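Engineer: Listed here are the chains, written in short residue letters.
There are 2 protein chains.
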Amino acid sequence: MAVNLPALEAVLAVPGVRVAASPGAIKHLGRDDIALLVLAEGSTVSGVFTRNSFRAAPVQVAESRIASGGIRALIINSGNANAATGAPGVQDALAVCAQVAQLLGVPEESVIPFSTGVIGERLPVKKMVSALSVAQEKLCDDSWPAVARAIMTTDTAPKAVSQVVLVAGHQVTITGMAKGAGMMKPDMATMLAFICCDAAVEQSCLNELTREVAAKSFNRITIDGDTSTNDSFIICATGIAGQPQISSSTHAAYNELRDGILDVATELAQRLVRDGEGATKFVTVRVCGGAEPGECLAVAYTIAESPLVKTAMFAGDANWGRFCMAIGRAGVQDLDTTGVALYLDDVCVARNGLIAPTYEDAAGTAVMAKDEYVVRVELGRGACEEVVWTSDLTHEYIRINSEYRT
Amino acid sequence: MAVNLPALEAVLAVPGVRVAASPGAIKHLGRDDIALLVLAEGSTVSGVFTRNSFRAAPVQVAESRIASGGIRALIINSGNANAATGAPGVQDALAVCAQVAQLLGVPEESVIPFSTGVIGERLPVKKMVSALSVAQEKLCDDSWPAVARAIMTTDTAPKAVSQVVLVAGHQVTITGMAKGAGMMKPDMATMLAFICCDAAVEQSCLNELTREVAAKSFNRITIDGDTSTNDSFIICATGIAGQPQISSSTHAAYNELRDGILDVATELAQRLVRDGEGATKFVTVRVCGGAEPGECLAVAYTIAESPLVKTAMFAGDANWGRFCMAIGRAGVQDLDTTGVALYLDDVCVARNGLIAPTYEDAAGTAVMAKDEYVVRVELGRGACEEVVWTSDLTHEYIRINSEYRT
Numbered sequence: 001m002a003v004n005l006p007a008l009e010a011v012l013a014v015p016g017v018r019v020a021a022s023p024g025a026i027k028h029l030g031r032d033d034i035a036l037l038v039l040a041e042g043s044t045v046s047g048v049f050t051r052n053s054f055r056a057a058p059v060q061v062a063e064s065r066i067a068s069g070g071i072r073a074l075i076i077n078s079g080n081a082n083a084a085t086g087a088p089g090v091q092d093a094l095a096v097c098a099q100v101a102q103l104l105g106v107p108e109e110s111v112i113p114f115s116t117g118v119i120g121e122r123l124p125v126k127k128m129v130s131a132l133s134v135a136q137e138k139l140c141d142d143s144w145p146a147v148a149r150a151i152m153t154t155d156t157a158p159k160a161v162s163q164v165v166l167v168a169g170h171q172v173t174i175t176g177m178a179k180g181a182g183m184m185k186p187d188m189a190t191m192l193a194f195i196c197c198d199a200a201v202e203q204s205c206l207n208e209l210t211r212e213v214a215a216k217s218f219n220r221i222t223i224d225g226d227t228s229t230n231d232s233f234i235i236c237a238t239g240i241a242g243q244p245q246i247s248s249s250t251h252a253a254y255n256e257l258r259d260g261i262l263d264v265a266t267e268l269a270q271r272l273v274r275d276g277e278g279a280t281k282f283v284t285v286r287v288c289g290g291a292e293p294g295e296c297l298a299v300a301y302t303i304a305e306s307p308l309v310k311t312a313m314f315a316g317d318a319n320w321g322r323f324c325m326a327i328g329r330a331g332v333q334d335l336d337t338t339g340v341a342l343y344l345d346d347v348c349v350a351r352n353g354l355i356a357p358t359y360e361d362a363a364g365t366a367v368m369a370k371d372e373y374v375v376r377v378e379l380g381r382g383a384c385e386e387v388v389w390t391s392d393l394t395h396e397y398i399r400i401n402s403e404y405r406t
Numbered sequence: 407m408a409v410n411l412p413a414l415e416a417v418l419a420v421p422g423v424r425v426a427a428s429p430g431a432i433k434h435l436g437r438d439d440i441a442l443l444v445l446a447e448g449s450t451v452s453g454v455f456t457r458n459s460f461r462a463a464p465v466q467v468a469e470s471r472i473a474s475g476g477i478r479a480l481i482i483n484s485g486n487a488n489a490a491t492g493a494p495g496v497q498d499a500l501a502v503c504a505q506v507a508q509l510l511g512v513p514e515e516s517v518i519p520f521s522t523g524v525i526g527e528r529l530p531v532k533k534m535v536s537a538l539s540v541a542q543e544k545l546c547d548d549s550w551p552a553v554a555r556a557i558m559t560t561d562t563a564p565k566a567v568s569q570v571v572l573v574a575g576h577q578v579t580i581t582g583m584a585k586g587a588g589m590m591k592p593d594m595a596t597m598l599a600f601i602c603c604d605a606a607v608e609q610s611c612l613n614e615l616t617r618e619v620a621a622k623s624f625n626r627i628t629i630d631g632d633t634s635t636n637d638s639f640i641i642c643a644t645g646i647a648g649q650p651q652i653s654s655s656t657h658a659a660y661n662e663l664r665d666g667i668l669d670v671a672t673e674l675a676q677r678l679v680r681d682g683e684g685a686t687k688f689v690t691v692r693v694c695g696g697a698e699p700g701e702c703l704a705v706a707y708t709i710a711e712s713p714l715v716k717t718a719m720f721a722g723d724a725n726w727g728r729f730c731m732a733i734g735r736a737g738v739q740d741l742d743t744t745g746v747a748l749y750l751d752d753v754c755v756a757r758n759g760l761i762a763p764t765y766e767d768a769a770g771t772a773v774m775a776k777d778e779y780v781v782r783v784e785l786g787r788g789a790c791e792e793v794v795w796t797s798d799l800t801h802e803y804i805r806i807n808s809e810y811r812t
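Listed in order, the protein sequences are those of chains D and V.
Under the numbering used here, the first residue of the first sequence carries the number 1, and numbering increases by one thereafter.
Under the numbering used here, the first residue of the second sequence carries the number 407, and numbering increases by one thereafter.
Treat each hint with caution, since some may be false.
[Claimed, not checked] Okay, the calculated beta carbon distance ranges per label pair:
id : chain 1 : residue 1 : chain 2 : residue 2 : range
1  : D       : Thr338    : V       : Gln508    : 27 to 33 angstroms
2  : D       : Gly339    : V       : Gly436    : 39 to 45 angstroms
3  : D       : Ala383    : V       : Gly436    : 30 to 36 angstroms
[To be verified] If you want the footprint, here are the derived chain V segments under chain D, 3+ residues with CB under 8 angstroms:
id : segment
4  : 457-467
5  : 715-729
6  : 753-764
7  : 802-809
Hints in this document: simulated from the structure, not taken from any laboratory.
Every value quoted in this text rests on a predicted model; they were computed, and no experiment measured them.
All C-beta atoms, glycine included, are put in the ideal place defined by N, C-alpha and C.
Starting from the given sequences, assemble the full structure and let the hints guide the process.
Structural biologist: Below you can see the structure in the form of structure tokens.
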């Protein structure tokens with residue numbers, strides 16, 4: 001049901017990163033649900049994590065270990081989120097990491113865990129441990145497609161993207177993967193997304209880059225407004241490319257790398273929306289003319305999460321009054337509705353707060369019949385602009401989420 | 407599809423109030439879609455209205471006229487919201503009021519308009535005007551059921567409730583009606599609700615009572631989180647009961663009347679949820695142990711509006727991790743999840759932030775299989791408590807809202 005979701009194309013190996021997938025029988029038999037990423041010594045790793053108060057056990061472990069540095073391996077499972085599992089959940093995550101460390105001969109603290117799946121159930125540590133040695137044996141440069149598939153839950157297809165950019169004149173390879181189709185309103189990061197590159201980046205500088213990229217990519221999508229307990233977005237930089245280490249965001253090389261990583265992150269974020277649970281539409285919501293970015297985002301998210309707007313999108317019904325309703329309830333202080341305009345692609349639907357004299361319903365309906373289009377709102381209050389990407393609300397979303405545990 | 411929605415029972419005439427319904431052919435032929443309420447001279451009227459920035463034309467007119475006092479008639483239509491219609495929409499509303507005033511021989515400014523239905527289309531003033539004389543001829547004491555039916559949009563049944571209370575030893579009759587099944591998260595008031603009584607209440611005191619009742623009834627429900635452009639909640643007090651005028655909220659009579667009106671308002675608000683678009687469940691979300699009311703409401707609304715919680719409710723699936731997810735993303739500052747407990751009716755599902763040792767999935771599933779139950783969250787931070795009523799998210803909701811304009 002995905003909306004123009006591209007198939008995996010040439011996913012490039014990243015020098016300094018070995019990957020593998022293996023079957024752990026966590027939720028379903030016979031599919032890979034364990035992914036292992038091993039990084040060259042000297043890599044820097046940064047991450048941003050969910051702000052949900054019920055942060056999952058692996059999020060707690062990964063965040064604390066990343067802060068200490070020296071990360072060498074990422075162990076990821078799907079099928080079980082290891083969230084709302086308290087102290088025992090943390091022990092489970094640590095046990096899995098310890099096993100990975102032993103197999104690889106690296107310090108326990110250098111292994112970070114990630115989980116996604118059902119919330120509230122204990123992690124099947126024994127099953128996972130026995131799958132780890134299989135994964136270790138399969139480690140290689142080019143298993144990214146299998147790994148991207150192993151981390152899926154309700155995703156209909158794997159998402160992975162590569163790009164090669166020049167950083168300080170050196171060729172840098174960037175490969176990223178992400179998963180997530182529901183419980184999707186990332187708040188700092190998305191469900192699970194990992195981007196590896198072979199640039200050399202100093203730790204604090206990578207932290208800044210990670211926050212900057214997250215804010216403009218994964219933090220600009222919403223499928224159902226629900227923020228996961230397990231959201232994590234990780235960037236790994238192995239340094240193998242050999243360019244001078246980037247140590248400040250004022251360097252030209254920082255911008256070169258940031259732009260490359262942002263391209264990959266934005267493409268991954270949009271693919272998550274294209275594969276949103278039950279999605280039949282991919283909609284860009286652009287809000288311009290705000291007095292400050294916050295009010296643009298408030299309007300964009302209110303539109304993107306309104307059940308009535310999303311069902312109208314599903315129906316392809318240019319019921320533009322619902323857009324006005326959503327704009328009006330977004331909490332913009334002293335909004336003068338006579339300054340508001342609404343466009344569907346290039347069709348001006350409303351201007352000065354009411355229907356445009358030239359507007360005909362057929363024109364709006366033609367736009368909303370497409371599987372991709374832009375909703376543009378002009379607030380007429382200033383020069384700020386923000387973009388959010390979203391999907392529609394469909395029967396299939398209801399079916400998927402009312403049958404999820406069965 | 408409504409959940410245990412009671413049929414109309416003895417809806418009582420209110421001395422000093424005459425009502426009528428008539429067909430205006432606004433959206434559908436052959437059904438009453440115009441309602442007229444005429445009040446005795448000397449009545450006091452108060453109202454609270456939507457905070458949506460795109461406030462409908464009738465909301466603007468009614469609010470301003472109520473502030474001036476002397477209200478004698480309410481003219482209500484369904485099928486067209488007269489919202490996002492700009493200055494022409496206001497002219498349309500005024501034209502309808504002028505016609506009512508002429509028919510009744512009262513000042514134009516004493517007539518207030520209310521509209522509900524499709525947003526963004528001009529009001530069919532001519533059709534309405536010709537239906538008004540029919541309505542005027544039908545005015546009587548006891549047409550409340552027909553009137554409650556005339557104001558419906560996607561409601562499956564009319565909602566009207568009566569109660570007789572003693573106020574300062576005098577018998578006071580309270581009758582209320584309300585409509586609304588979607589675009590339903592009242593913010594100051596619900597879609598349209600009107601409560602009439604024959605008590606005598608001084609204007610500023612009635613204003614206070616209206617705000618107090620709205621906060622505890624219509625402002626405690628959500629079906630889809632979408633706030634209408636037309637929300638209005640009106641209380642009319644004709645003074646015919648003959649008790650001494652209530653002029654302060656410190657009077658015992660104020661409390662007597664307030665309790666009676668609050669009972670009627672709460673019952674109406676709950677009936678709106680029971681008849682929520684596509685609803686198969688009526689769920690009470692009670693959040694206790696908050697440090698302040700705002701955080702209790704934030705948690706209650708996040709649960710009540712989460713698409714994932716609402717689809718689990720539809721499925722009758724005790725997927726309690728979704729409740730944790732919603733609690734965790736509600737924005738409660740420094741929430742210590744180890745102090746959080748979750749109950750489904752009397753079944754303790756989680757305690758200390760993780761699954762309760764005694765909990766079995768079958769017990770939770772048994773509660774969520776019922777068509778009415780209570781979700782109780784203990785935050786463990788203080789003594790505040792708030793309640794919100796909601797419904798589930800179903801295939802039927804999607805069907806209704808993707809076919810609304812067809």
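Engineer: Hint by hint, say whether it matches the structure.
Structural biologist: Results for each hint:
| no. | hint | result |
| --- | --- | --- |
| 1 | D/Thr338 - V/Gln508: 27 to 33 angstroms | holds (31 angstroms) |
| 2 | D/Gly339 - V/Gly436: 39 to 45 angstroms | holds (41 angstroms) |
| 3 | D/Ala383 - V/Gly436: 30 to 36 angstroms | violated (52 angstroms) |
| 4 | 457-467 | holds (count 5) |
| 5 | 715-729 | holds (count 9) |
| 6 | 753-764 | holds (count 5) |
| 7 | 802-809 | holds (count 6) |
In summary, the structure is inconsistent with hint 3 from the numbered list given earlier, while agreeing with all the others.
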